Each structure stands twice: as structure tokens, then as C-alpha cells.
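Visitor: Residue-level listing of the chains:
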Amino acid sequence: MNRLSGLLLRLFPAALAIAVALGLAAIVAAVGGHAPGRAVGALVSGSLGSAENVADVLVRATPLVLTGAAVMLAFRSGIFNIGAEGQFLAGALAAGVVGTKTGPFPGQALVALLAGVLAGAAWASLPALLRIRRGVSEVITTILLNFIALYLVSFAVNGPLQEKSRTYPQSDALASTADLWRLAPSIDDRLHVGVPFALLVAIAAGALLSRTSLGLRLRAAGLNADAARLAGFPVVRDLALAFALSGAIAGLGGAVELCGVTHRLYEKLSPGYGYTAIAVALLGGLRVPGMVAGALFFAALGAGASSMERTVGVSAVLAVAVQGATLLAVAILGTPAVVRRLERAGLRRTAATGEAS
Amino acid sequence: MIVDFLAAGLALGTPILLAALGELLVERSGVLDIGLEGTMLVGAFAAAVAAQQAGTPLPGVLAAAAAGIAVALLFGTAAVLLGADQIIVGTAINLLALGGTGALYREVYGETGTSLVLPTLPRIELPVLSKLPVVGPVLFSQHALVYLALLLVPAMAFFLARTGLGLRVRALGDHPRAAESLGLPVRRDRMIVLAVAGALAGLAGAALSLASAGSFVEGVTAGRGFVALAVVVFGRWSPWGVLAGSLLFGVASALQFQFQATAIRLPYQLFLMLPYVLTLLALLLPRGLARAPLALGASYERD
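First to last, the sequence lines map onto chains W and E. According to the numbering used here, the stretch in the first sequence is residues 867 to 1223, in order. According to the numbering used here, the stretch in the second sequence is residues 47 to 349, in order.
Next up, chain W with everything else stripped away, as it sits in the complex (with noise of 0.2 Å):
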């Protein structure tokens, strides 16, 4: 019994995410004048109405699988990389580099994500060298440069990286050999190989984490950098490590991304991809298997809400305030007050129907 009302506690806030987004929906809906069960109808039906719908939110999932993890492991390192979005754009960029200005050649799309990785890890090592030199706050430091880095996107995309017809501001189309191969093409011409690999990369980081003497040592500075020291931990070289570690993942999400999805650079290549993870992240409580069902709950919202939008007319930039209540609703139900105060509640039930039974 005891158990059960704690797997209740742990589905509450899932349900809760799930119930907030249907009636924000519906709300705006109605504020709009549109039918609020035609609008969640199709928020429901645009994700999970069709093996298309389904493949759609799997790759849209992905970069929040790849961003989520680096968020992931940012935090439980007492790092609070909130440039997840930064670094995801810069590995964007250089994948671009190498897809545009080089090759054909067999194995370019390897090097191509190897680009993405390097460029991710070093976006993240300003902010990691300001902390551990300066003192400055990372909080800061990455947010600055998720704006540096749009803006070198969009520098490149409208210059260097430019396509050869200079119609729009967006790069050539990347050769061939650089596109991620796809998985059933039969089935869904969408599905590319980066989706079970963002899936790998996020159960290595939470096994990094939690499996190697490294990840124990970071998870210990997350906790208490001073215990850390004190224990006689490289702590200043074990930040620098997980900085560059958080951006290599991220940086890597925007090379799966440019190689698999979009096969070109452009300026609004991240919704915002890097912020949402942080969501994600939490929503998942900084774990993998919650983090996945995070990042497939928001990709569904995603896909669901540009149906909504197509269908009923009501505006998909909605599933951005469904994301954000819900990370709120999310954050005070994993307050301590709020916590103690259900389980209360639960303890309370069980002993009810246990007297009844």
C-alpha cells in the first residue's frame, strides 16, 4: 500500500503536466473564440494520432534528449548551464562548416557531429573558466553567450556560410555524404539514426553519473564543493571537465539536429531548444528515464500544438507557456513544504482504505 501511494506521488506531477496542458489549451482556445474541445482534440490527436504523428514527435524529441542530458549532467555537477541553447547553436554551426565547405567524403557525417562535439565543449569553457578564475556566476556567463551564439549564426548565415544563391539568409544544403542515415525510410523518411544515438548518449551520461568514480566525484561537488575539496577531489579540474562535458552534449545535439532534420543552417534553427531542456531536465528530476519521458511529453506538446494551430487555429507558440506552467507546477510540488504536506495526505488515504478493506 505503501508503495503504491508512493508510485501515486511519483505519477502526480506527470498527470499534472498532462492535465495543465489540456486546459491551458482550452483556455486560450476559448479566449480566442474557438471550441476548447476541438482545440485539445487535436493537441491529443496531432501527437499521437498516426505512426507519422509518432515518428514526428521522435525526432522532435531528439535535440531535447541531447540538450536535457547535457542540462542533466551540468546540474547534478552544481553547474547551472543555462547555455544548453548556446552551445546546441554552436555545434549547430560548426557541423555546418564541415557539411557545407567540405567534402563529399565517406564518413563526413561523423565528422561533421565530431565538429559539433568540439565546438559545444568549447562554447562551455568561457563560462567554465570566468567560474573557476573569476568567480563569476555561469548563470550569467552562458546566458550571454546563448545570445553570442545566435548572432554568429546569423552572421554566417547571412556571409561566410551563406547559400551560393544568396536568396535567403541560410546555408547550401549539406553534400550527401554529411546527412544522417535514415532508419525506415519505408516507414517514416523523417526517422534518422540520431534518435536512438541522442537516446544512448543520455543513458551514458546518467550511467557517467552514477556508474564511474568521476560522476561520483562530480555529483559530489554538485552537492558540496567544499566537502568535495576537503575529501581531497580535483574539484577545480573535475568543473572544468563537466562544463566542457554539458556543451560537448548540447553541441552535439545541434550537429544531430543540422545532419538528421534540418540539412541546412539558418537563424531559427532552435525554437529555443536549449531553454526547454532545462525544463526537461527537471521535469525528469535530473534523472534519465524521467528526463526521456520530459523531453517526449514536450516534443508531443510540440507536434500537437502545430496541429492545433493548422486545425483549430490557435496559436502552437502556446506549447511554450504549457511548458513553463508546467515546470512551475513541477518546481512547488517538489518543494519540501508542499512534498511533506502529500505525503501527509497519501499516508492519510492509505490508512483509510486500509481500515475500510
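None of these hints come from the bench; they were simulated from the model. Please note: incorrect hints may appear among the correct ones.
Pairwise CB distance ranges (calculated) [said to hold, decoys possible]: (1) L127(E) x S1079(W): 32 to 42 Å; (2) S991(W) x L197(E): 35 to 45 Å; (3) W1047(W) x F51(E): 31 to 41 Å; (4) L1066(W) x L104(E): 56 to 66 Å; (5) D1055(W) x L104(E): 52 to 62 Å; (6) L127(E) x A896(W): 24 to 34 Å; (7) S991(W) x A207(E): 32 to 42 Å; (8) L1066(W) x L197(E): 54 to 64 Å; (9) F971(W) x L119(E): 52 to 62 Å; (10) A901(W) x A100(E): 26 to 36 Å; (11) T968(W) x L178(E): 52 to 62 Å.
These figures come from a predicted structure and were not determined experimentally. Here a beta-carbon is modelled for each residue, glycine too, at the ideal position from N, C-alpha and C.
Place chain E on chain W using the hints.
Guide: Frame of chain W; chain E shown alone:
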């Protein structure tokens, strides 16, 4: 030309200055509100809707302040009263504000493309002063929120350093437990500080949509709330430092327009990037004795 440039720099720095002064106060009380961007955005949206309905800018300014207070109190309820993580709540507020204003904007005003035309804040020419050479047009021929922001700088410096209430705010940020043991209600006082900062962030939004931009578009703040956060660190938690950082950002933004107007062909994206790069470079400089409030960002839980 230099006069226009400096005047534009001051006007463009004003939203940053207003938001950063509020954030400065909040951070001195020990709370890190990275929901500042969202608070500004809601303020800008409220200002646009109210000013457009009324046909005059003043109701917009008041609505912006009220909306800013509401958002800040939402942040405070979760992060201060309930003790949820401040970074998480701030991120949630930003997402909520971006999605909420975006969706409501499209529901109320239809699809994007047509930008609303709003009544803008009038320039107020101060008698005598505005006739001074250079200084006159730069400093004394601006809209009311510029004057408010500039007056708030010495006022806040005096408040924090010389008044009992200012000491109280600083105590909240450096040692909340000691403050509580002296009988100060830590959470209530932090909520009051948040409300003041929320009003300022709302006004910063109004300064954007009713002056700088003269319209509201989705995501009109474009990261200025984040810049204001950086400016507080850059200014080392001092109102004068925050003034310097805001002016730096404003002038860098004005520079970008200047270069666009001239024949020099430089990629304008690099100029858009400039304020962020300068702020980052400033953070690279050796830091003096100034330090962050000791309890910054930590939830306060009574034993």
C-alpha cells in the same frame, strides 16, 4: 550627430537600467530572479494593450507596473514563500511569459506581420536645462521613464547605504538567519522587495513598447532582461555600476544603428552581438572587493 547618438544610447539603455535597478534590489535581498526577462515581456505586453485601448500612453505605463508586480509576486510565491528553486521558477516564468504573451497577442490582434501602432511616451523638454548645448538634448529632452530611471540611481544608492531599511535589505541578502533572529520577517520582506522590482521590470517593458520600439511584437524584449541580469553582476551590485553597465549597453546598441546609417558595410549581426560581447569582456576584468550577496539564490527555510 554625436548628440543624437548619445541621446539614443541613453534611451536604449533606459529599459535595461530600470530592470537592472529592480533586480539589484532583489539580489541584495538574497533572491536571484532570472524570470526578469519574462517579467519585462509581460510588462511590455500589458503596456501595449492598455495604451492601445486608452489611446494614451499613461494607462499603459500603469498597467505595465501592475503586471510586473503580479509576475514578480507569482515568482515570489513559488520561490520565496514555498521555497522552490529560484533558477527553476525563473526559467518557468520566462517560458510562461514568452508563450503566454505570444499566444494572447495572436488571439487578440491576429496573426503576426502587422505590428501594432501605439501611442508613444512624449518627450518632455525640461525648461532651461534642455537648452544647454549637448547636455540639454542628450539628458533633458527625453521621455518620463528616462528621468525616472536616472533619478532612481542616486536614490537607490542612498537607500541601500544610508537608511535603516536599506540595511535591512542587505541583511536579508547576506545573512537571513541573523536577520530573522533579530525579528525580521525574511520572506515577507523579500516579497515586498520583489514587488518593487516587479514594478520596475514592468516599467522597463513599458519603456520598450511605448518608447524604444513604439510597438509590441512577440518576444519584444529580445534578451534585454538577461542583459539586465548581467549588468547587475557587471555593476557589482551597486546602483552606479548598474548605471554604467546600462549606458554601455545602450551606447553599444546605438552604435549599431549609427553604423547601419553610414556607408561602411559591416555585417549588422556583429553589431547586434556587440553589447553581449562587451558585457562578457567586462566580466573578464579583475573584480575588485565587491562581491555577490552571501545568501544569493538560496531559498530561506526556517529550522
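Visitor: All the hints need checking, so say for each whether the structure fits it.
Guide: Evaluated hints:
1. L127(E) x S1079(W): 32 to 42 Å: holds, 40 Å
2. S991(W) x L197(E): 35 to 45 Å: holds, 42 Å
3. W1047(W) x F51(E): 31 to 41 Å: Between W1047(W) and F51(E), where Cβ atoms are some 54 Å apart, the hint is violated.
4. L1066(W) x L104(E): 56 to 66 Å: About 58 Å separates the Cβ atoms of L1066(W) and L104(E), which means 56 to 66 Å holds.
5. D1055(W) x L104(E): 52 to 62 Å: holds, 56 Å
6. L127(E) x A896(W): 24 to 34 Å: Given about 30 Å between the Cβ atoms, the range holds.
7. S991(W) x A207(E): 32 to 42 Å: holds, 38 Å
8. L1066(W) x L197(E): 54 to 64 Å: holds, 58 Å
9. F971(W) x L119(E): 52 to 62 Å: holds, 58 Å
10. A901(W) x A100(E): 26 to 36 Å: holds, 32 Å
11. T968(W) x L178(E): 52 to 62 Å: Cβ of T968(W) to Cβ of L178(E): about 60 Å, so the range 52 to 62 Å holds.
Taken one by one, the earlier hints fail for this structure only at number 3.
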